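A.B. asks: Heads up: the sequence shown begins at 195 in the working numbering, then just goes up one per residue.
No wet-lab data here; the hints were simulated from the structure. The model shown is predicted, which means the values in this text are computed figures rather than measured ones. Among the hints, erroneous ones may be present.
[Unchecked claim] Each pair of labels, with its calculated beta carbon distance range:
1) 266 / 286: 18 to 24 Å
2) 278 / 216: 20 to 26 Å
3) 255 / 212: 33 to 39 Å
4) 282 / 212: 31 to 37 Å
5) 213 / 255: 32 to 38 Å
Each residue gets a CB set at the ideal place from its N, CA and C atoms; glycine is no exception.
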Amino acid sequence: MASREGKRPSHENLVPLAALLSRETRAAKMEKPIVRYGEAAQSRKGEDYLLINTDTLRLPPNSSTAFSVFAIFDGHNGKAAAVFTRENLLNH
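When you get a sec, could you build the whole thing from the sequences and use the hints?
C.D. replies: Here it is as structure tokens:
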């Protein structure tokens, strides 16, 4: 069996969850924090859908504030439910 040593992905840029939560608490006090995001490894079957919206407005009476939404919808055995949820989740 060949050694897998040296083939592991680099984790140099990973940040501990505690540090992210601490940043989130500090960011809550900011007027408009900068949000960085990315995506990778799209499904070959085309059943997975993403929802990325970094400037979602709230409903009244808090309509002056915004929030970010990041979601992955896995279309098990088809894409209909994933597509429906992605298109309608923020309407309610």
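A.B. asks: In ascending order, which of the hints set out earlier in this document are inconsistent with the structure?
C.D. replies: Going through the list in order, the structure violates hint 2 alone and respects the others.
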